Amino acid sequence: MSARLHPSLYILPGVTFLSAAAALALEIAIVRLGAPYVGQALAPWSAAIVSVLLGLACGHMLGGLVGGARASVHRLRVSLALAWFFAGLTAMAVPLLVAPVIDALSGDQEPGRLAVLGLSALVFPASVAAGLSLPVALRLCVKIADGVRPGRLAVLLAASATGSVAGTAMAGFVLLETVGAIGLAKGIGGLWIALALVILPWQELRQPLRLLALLPVAVATLLMLRPVVGKACWTETRYTCIQIIDKTLGNDGLLRVMALDEGLHSLSDRDNPTRLHLGYAALVDVLARPAFIGQPAPRALVIGGGGATLPRAWAQLQPPVRSTVAELDRRVAAEAADMMWADSPNIRTIVGDGRAVLRSLKHEPLFNVVLMDAYRSHSVPAHLVSREFNAEVARHLATSGVFLSNVIDRYESLHLVASVAATLRQTFPVVDVWITDADGAGMTNAVVAAWPNAAQASRPPQVTVDVTRWNASEAVHTEQVVWRRFDAAELARQRGLCTIVLTDDWAPVDRLLAGRPVCNTVQGDRPASP
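Numbering of the sequence shown is given in my numbering, commencing with residue 1424 and proceeding in unit increments.
Just so you know, these hints were derived from the structure itself, not from any lab. If you're wondering where the values come from, they're calculated on a predicted model, not measured in any experiment. Among the hints, a few may not be true.
To be verified - Taking lysine to aspartate or glutamate pairs in the EDC-like style, the calculated list, with each CA pair at most 16 Å apart, reads: (1) Lys1785 with Glu1815; (2) Lys1670 with Asp1692; (3) Lys1670 with Asp1694.
Said to hold, decoys possible - Label-pair restraints from in silico Cβ distances: (4) Val1597 with Leu1488: 33 to 39 Å; (5) Val1899 with Arg1934: 35 to 41 Å; (6) Gln1739 with Gln1917: 35 to 41 Å; (7) Arg1712 with Pro1768: 18 to 24 Å; (8) Leu1488 with Gln1630: 28 to 34 Å; (9) Gly1717 with Gly1919: 39 to 45 Å.
Ideal Cβ placement from N, Cα and C applies to all residues, glycine included.
Based on the sequences and whatever the hints tell you, model everything.
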């Protein structure tokens, strides 16, 4: 048959492009699907990349065996179709399996490395099938053209590479915000099913086989329609899964909860903006108030706005505090104003990375309070805890002000907290760490306070605040929590903690957050782990 007339020769670059796009889009989908459980730290991203690339590599090797020298055009097309049918069905099943896999590998504990590995392994089968398609498509091109045509093979390889780029870009910049992570995974599966239907040699199949080929379509339809059980998003963005939950308070009050991915971020009281229901927020308010007193026009900078609960509370003071909020996610900022009642004229939200926003404010008056609240339960933006970042904060902070950081760490280790505090001591003369003994284990909040002027520092030995709590079997109730102050160096000595200075060049925050210390055991600028 003439290669010039064979329709498959024209179809192959297109289907190869789309298959490669689907494979890389699935990598992004699995990270976003798992984010409500394990966050979006370096480990989930690395595990997803390894799983997809390893699957593609295994698929390439398997495809070389399938597309052997004796394989006919008919067999090659059927092999491609089977691979894409398998990839499509396994991709569609991924959203249904995320919650059960996380639960099975975590038990009663916080999801750890095993859960992250199990999550990433969900996309391995589809990646193997997708990887198989490229060598089979190359062999099919050679077979149809009756010989090696370097130009045609180059087109297929280029289609695969550009498809990978296009899939990554479309998933990250367009599709996640449009259809969400579940819709993205199901759409990827549907695309592979469609590619299988396109490449099948329908005219050469007997009637029973044609009917059998429709079975994957029926299964895919069932998977598409089946609801996913797990953490449902109020809305999903390219950065996070936003969950909004309402809790009833006494006297017909309403408490609104904003959760971002795996962590509860903000609690806003509809009727009483100054009532701060989260323990760390109440403590931050106590430590920040002295910096506002006596200022004719107090100003605050909040990096990591979330539900903007504190800026909303501070806007009620007299005189009102004018807060500048740096929020990376435009949708989170919009939900804070619309759903969390943070729409005060005294709150200005700038959408962008906290450090970039900080640099853009160089010509503005100094802030009385800077709050760093961009941490998540399983991830830390390393460029927002470095010595260089702290120096930038100091340049924007009034001498009578305070820099407060809400740090999430493991209570039993506090390695990250200790290193954040040690890094702040490179810039600020007075640094305190506030922790509570109410949690005892697991992940907890710590507040690190740094003052540029020791005479202006607010340093009570302890602070008692009211916090709001609930669980599945209890109504919303109030408890008292005692925060205790430790000098940063004193805390490290008491607990025998290793501390390092975090820099833009080197900040192993994921290791510290995992509870694994990094200690100064060798000479040189970069410490080594024990």
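Structure-based check of each hint:
{"no.": "1", "hint": "Lys1785 with Glu1815", "result": "9 Å, holds"}
{"no.": "2", "hint": "Lys1670 with Asp1692", "result": "10 Å, holds"}
{"no.": "3", "hint": "Lys1670 with Asp1694", "result": "13 Å, holds"}
{"no.": "4", "hint": "Val1597 with Leu1488: 33 to 39 Å", "result": "37 Å, holds"}
{"no.": "5", "hint": "Val1899 with Arg1934: 35 to 41 Å", "result": "37 Å, holds"}
{"no.": "6", "hint": "Gln1739 with Gln1917: 35 to 41 Å", "result": "38 Å, holds"}
{"no.": "7", "hint": "Arg1712 with Pro1768: 18 to 24 Å", "result": "21 Å, holds"}
{"no.": "8", "hint": "Leu1488 with Gln1630: 28 to 34 Å", "result": "30 Å, holds"}
{"no.": "9", "hint": "Gly1717 with Gly1919: 39 to 45 Å", "result": "41 Å, holds"}
In terms of the numbered hints stated before, the structure departs from none.
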